[in-house]
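Visitor: Starting from the known structure of chain V, fit chain X with the ligands onto it as the hints suggest.
So the sequence lines, in the order shown, correspond to chains V and X.
Okay, so the first sequence: first residue is 1 according to the UniProt record's numbering, each after it adds one.
Okay, so the second sequence: first residue is 1 according to the UniProt record's numbering, each after it adds one.
Be careful, since some hints might not be right.
Any copy, or any two copies together, can satisfy a pair, since identical chains are not distinguished.
List of simulated lysine-lysine pairs, DSS-like, C-alpha gap at most 27 Å [stated by the list, open to error]:
hint, residue 1, residue 2
1, LYS110, LYS3
2, LYS85, LYS363
3, LYS342, LYS5
4, LYS363, LYS3
5, LYS3, LYS74
6, LYS316, LYS20
7, LYS342, LYS247
8, LYS20, LYS247
9, LYS316, LYS5
10, LYS39, LYS247
11, LYS5, LYS247
I should point out that these hints are in silico values taken from the structure, not numbers from a laboratory.
2 protein chains.
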Amino acid sequence: MSKYKIGLFGFGCVGQGLYKTLSENNADAEIVKVCVKNKEKKRSIEAEKITYDAAEILNNEDINIIVELIDDAKAALEIVRAALKKGKAVVSANKKMVAENLDELIALQKQYETPLLYEGAVCGSIPIIRNLEDYYASEQIEEIKGIFNGSSNYILTKLFQEGKSYEEALGEAQANGFAETDPTLDVGGFDPKFKLSIILQHTFGIRQHPENIFNWGIQNISEKDIAFAKERNLKIKLLAKAHFDGKVLSTLVAPHFIDEQNPLYHVENEFNCVLINGKYASNQTLIGKGAGSLPTGLAVLSDVIALTQGYTYRYKSADFTSGGSQAVEVYLSFNDIEDIDKNAFTSISESYIGSDYGYIIGKIELEALQQLLNGSSGVNVVFTSGKQTEIEIPNLTYSYAN
Amino acid sequence: MSKYKIGLFGFGCVGQGLYKTLSENNADAEIVKVCVKNKEKKRSIEAEKITYDAAEILNNEDINIIVELIDDAKAALEIVRAALKKGKAVVSANKKMVAENLDELIALQKQYETPLLYEGAVCGSIPIIRNLEDYYASEQIEEIKGIFNGSSNYILTKLFQEGKSYEEALGEAQANGFAETDPTLDVGGFDPKFKLSIILQHTFGIRQHPENIFNWGIQNISEKDIAFAKERNLKIKLLAKAHFDGKVLSTLVAPHFIDEQNPLYHVENEFNCVLINGKYASNQTLIGKGAGSLPTGLAVLSDVIALTQGYTYRYKSADFTSGGSQAVEVYLSFNDIEDIDKNAFTSISESYIGSDYGYIIGKIELEALQQLLNGSSGVNVVFTSGKQTEIEIPNLTYSYAN
Ligand SMILES: NC(=O)c1ccc[n+]([C@@H]2O[C@H](COP(=O)([O-])OP(=O)(O)OC[C@H]3O[C@@H](n4cnc5c(N)ncnc54)[C@H](OP(=O)(O)O)[C@@H]3O)[C@@H](O)[C@H]2O)c1
Ligand SMILES: NC(=O)c1ccc[n+]([C@@H]2O[C@H](COP(=O)([O-])OP(=O)(O)OC[C@H]3O[C@@H](n4cnc5c(N)ncnc54)[C@H](OP(=O)(O)O)[C@@H]3O)[C@@H](O)[C@H]2O)c1
Chain V
1 MSKYKIGLFG FGCVGQGLYK TLSENNADAE IVKVCVKNKE KKRSIEAEKI
51 TYDAAEILNN EDINIIVELI DDAKAALEIV RAALKKGKAV VSANKKMVAE
101 NLDELIALQK QYETPLLYEG AVCGSIPIIR NLEDYYASEQ IEEIKGIFNG
151 SSNYILTKLF QEGKSYEEAL GEAQANGFAE TDPTLDVGGF DPKFKLSIIL
201 QHTFGIRQHP ENIFNWGIQN ISEKDIAFAK ERNLKIKLLA KAHFDGKVLS
251 TLVAPHFIDE QNPLYHVENE FNCVLINGKY ASNQTLIGKG AGSLPTGLAV
301 LSDVIALTQG YTYRYKSADF TSGGSQAVEV YLSFNDIEDI DKNAFTSISE
351 SYIGSDYGYI IGKIELEALQ QLLNGSSGVN VVFTSGKQTE IEIPNLTYSY
401 AN
Chain X
1 MSKYKIGLFG FGCVGQGLYK TLSENNADAE IVKVCVKNKE KKRSIEAEKI
51 TYDAAEILNN EDINIIVELI DDAKAALEIV RAALKKGKAV VSANKKMVAE
101 NLDELIALQK QYETPLLYEG AVCGSIPIIR NLEDYYASEQ IEEIKGIFNG
151 SSNYILTKLF QEGKSYEEAL GEAQANGFAE TDPTLDVGGF DPKFKLSIIL
201 QHTFGIRQHP ENIFNWGIQN ISEKDIAFAK ERNLKIKLLA KAHFDGKVLS
251 TLVAPHFIDE QNPLYHVENE FNCVLINGKY ASNQTLIGKG AGSLPTGLAV
301 LSDVIALTQG YTYRYKSADF TSGGSQAVEV YLSFNDIEDI DKNAFTSISE
351 SYIGSDYGYI IGKIELEALQ QLLNGSSGVN VVFTSGKQTE IEIPNLTYSY
401 AN
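Chain V extracted, bound-state conformation (with noise of 0.2 Å):
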């Protein structure tokens, strides 16, 4: 008999991957009850361990253990929020739920005396938080940044080695079990931007609502922004990046011109990869699988071990102010130059315009560089300027059709 039993939300992919690994290892932990929402489903575990009614778990005064791994992040919250409340422990892996929530859930673990850990909602495998929390908390972390959405990179990475379609990649991106329920969260850059709000916190002791955080996803990228970057020897990937200089935060989550002396360049399909620049370490790089269902229940395995041994997360803070404008460099790609305010721009570097592609390569300010993607239909954009993995556009002459 386990001193642990835990409760379980959620047997998706991730619930099964953790079911698994929790099978094969020797921890003082065992799953007593999961609870799932559709009766039809036929289940691989016992039927007696199946509830659909979330109370027979939380009210359960044996199950001393929550581990939320559904895919509802509104219920999530709810039952991560009860659970909290009546001092059981628990385990999570949705990312947007803590994200948005992390406030109210550092609140609750304070007033309640219980802890909660989220290893699993943060780049799947890699053991990025607890490195944070304990290793990194000496060092003086300048920035932090990498691939933290598997699905979006296994997508680019079908996209630039094998010419898939963008549908066909993220269909297999889904099949694999690496993409959220809702594809926007992956392709649109918001999952990345929960992980780096969650990311933050832990680095440097800073809340950052991701409301507040700029994003631009890979949904848009067409066949010329592909070519484009191809022909200079390229990849696209998309980059979470947060630059913290000691008082002042700029943070970002956009698609990056990447070359190949990047250590970016060689992560490909579901892995993910964390980049960390130190005063006293430098560069350190983490990589490992950023989704999937034994990888991220890996994860979560490790936060239920940690649990048991009384671990918790201290989450130190730190006083700041808010990123103000940030100026970045930019390849602008759209159909229709008539619908681009170039003045937005401070500087232009190159352009071409087509008859039904162009592109400006140009400096910009974040705030208007977002005003002019709401503002217009038909652009992408590829961020090209900044520090350390980013690159300068090698200045190709081109000849200008029409």
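Guide: Chain X with the ligands in isolation, oriented as in the chain V frame:
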């Protein structure tokens, strides 16, 4: 006044790194006394903190953490032994001392109920021991390997990228503080063997004395070997490798040919890389500086902070059979074919014999290779075979000069 008072042994490269990183963090720990050896040296710290007498620290009851950062493994063992016996918590970065005495050190920790941590001893700034102890404890790791010696990797980078001579490159590594006081430990492949031995304990719960691990270093790499690699677009990297199938353990440290597809190809200078292959999360990669004052200082500081939080290693253990005979594929180069017993090879796929340089590429048992290397001079060996990180040598046709 901090609760934790540190007695520091050694104020060289790493000792000063710890001093700086600690002084910039608000840890609940302070260095109250520093023991060094040479009375003539000028020090950058207050004279009243300096002592030349180990007993002054070891007998000081106020001091509850001993940090051992000297470059003498024998003296280090005595300090650590004495400290543990006095019930003081200890941090060390001495891989030789830890690897060669791990049985005793584990027993002492148990007997005196006081912890010893040594993150800084293994791969500098990469938090590998902590992750193996915590996060990866529930992973089923099949293979762990990588570049574990910053100094050799720095030398190899200079040889390959800048065409520097071996002596010049070694001198630079020493000037930068990456090399051990005795360079044979680094370039002879002993230092990575110590680290591998420590890693085996924390990955598989297996104790293997460094004496029982095959090692061949980089000090015999000739210009011809480098030319051979370059012609095939390969690099040579000094790898430490361990494979455990749940019963049989295979381990070795040796130079390997690495191609561009391999993540290790891009790990240069003093950077180290650890590749972990597990059943659940498949490949995980950690890259960071493997040496240097501040990177190693950070690792040591993280141990100090862990001690203030009551952290200890758990030391799982496993039954296993020793490796027995491993068949490997190697490139063996020589000055004179007369020195080489070709019958030691079980098969030969390629050979070249010139007037003062020749090579054989073939399969051989590790023990036979060891004998052959022991009995010959003017030879060098680079491994080509194995799983994942190693490559098949492309089959080039050669003209045979004589
Ligand atoms: N998939 C990944 O690789 C990955 C990686 C990292 C994090 N995550 C996160 O992990 C969580 C789960 O993802 P998933 O991919 O495992 O989702 P999934 O495969 O779609 O499974 C979702 C599970 O939740 C159950 N469920 C939904 N609403 C429920 C409710 N109100 N009460 C009880 N059960 C409910 C579903 O029940 P039925 O079985 O009855 O439909 C299903 O078992 C999400 O937060 C996701 O963001 C996923
Ligand atoms: N350098 C790196 O990047 C690195 C990385 C990882 C691990 N390490 C490990 O860290 C340890 C220290 O390396 P290091 O590079 O800092 O060495 P170092 O620069 O040569 O400094 C050695 C220090 O130890 C002192 N010392 C030597 N014997 C002593 C004794 N018996 N009693 C008291 N003090 C003594 C020396 O005193 P004096 O100042 O009086 O000469 C000096 O301060 C070694 O175990 C090494 O393997 C080093």
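Visitor: Just pull the numbers of the violated hints for me, sorted ascending.
Guide: 2, 3, 4, 5, 7, 10, 11
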